[in-house]
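S.K.: So the sequences go chain by chain: S and F. Residue numbering for the first sequence follows my numbering, starting at 1 and increasing by one per position. Residue numbering for the second sequence follows my numbering, starting at 1 and increasing by one per position.
Among the hints, a few may not be true.
Keeping only pairs whose Cα atoms sit at most 35 Å apart, straight-line, the calculated DSBU-like set for lysine-lysine is [as the list claims (entries may be wrong)]:
| hint | chain 1 | residue 1 | chain 2 | residue 2 |
| --- | --- | --- | --- | --- |
| 1 | S | Lys67 | S | Lys42 |
| 2 | S | Lys42 | S | Lys56 |
| 3 | F | Lys13 | S | Lys56 |
| 4 | S | Lys2 | S | Lys56 |
| 5 | S | Lys2 | S | Lys70 |
| 6 | S | Lys70 | F | Lys13 |
By construction, these hints were calculated from the structure, which means they are not laboratory data.
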Amino acid sequence: QKEVEQDPGPLSVPEGAIVSLNCTYSNSAFQYFMWYRQYSRKGPELLMYTYSSGNKEDGRFTAQVDKSSKYISLFIRDSQPSDSATYLCAILSIQGAQKLVFGQGTRLTINP
Amino acid sequence: ETGVTQSPTHLIKTRGQQVTLRCSSQSGHNTVSWYQQALGQGPQFIFQYYREEENGRGNFPPRFSGLQFPNYSSELNVNALELDDSALYLCASSFPRGGSETQYFGPGTRLLVL
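The following block holds chain S by itself, in its conformation from the complex (with noise of 0.2 Å):
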């Protein structure tokens, strides 16, 4: 089983949707989610961090973590053809180095 699962679509949705994107985990000592962005040929860029269960909110961004059934997801509303690219979950392993441990990614496509 994987450390980290997320499915990788592709998933496709029409401008101004309300997109969900969810990821789990098996590794209950985890306390670090993070979300990242990557469009095509380009390197992971941090969208969001959160580190309690709960939600966090940035502009049209929402992170939500429910640490008791290792789950984690992003919201985005009022989506836009620019949120076009692939979004990767990412857990914090602090056991020895700090490394990050990634889902597979999901490839979001925003039509307009």
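For this one, chain S is given, so just place chain F on it according to the hints.
M.R.: The following block gives chain F in isolation, referenced to the frame of chain S:
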């Protein structure tokens, strides 16, 4: 832009050859991590360097090696290249502050092994 730069942007090598990839970290960051991202997959941790010492390693064979220099820039070396080494190689820099650390990625080096 994160301020993390990588060179070269693209590289083509043949099986058995050796390759060196370079990374300059963001100003003030003393930790560099390297990741391998195969096509359609999330990045996988290769290793991390902190103050010129290897600080942890993922599930990669010894033919993957690295260096960090006094200015905190870093190199990733891969010997005896295999076809499966074809991937996007990413470096990320960070500055540990005793708790969590945020890692900022460079644009990557795309390696193709023929």
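S.K.: Hint by hint, say whether it matches the structure.
M.R.: Status of the hints after comparison with the structure:
1. S:Lys67 - S:Lys42: holds, 31 Å
2. S:Lys42 - S:Lys56: holds, 26 Å
3. F:Lys13 - S:Lys56: violated, 44 Å
4. S:Lys2 - S:Lys56: Measuring from Cα to Cα gives roughly 26 Å; hence the hint holds.
5. S:Lys2 - S:Lys70: holds, 13 Å
6. S:Lys70 - F:Lys13: Roughly 41 Å separates the two Cα atoms, so the pair is violated.
In this structure, the hints that do not hold are numbers 3, 6, in rising order.
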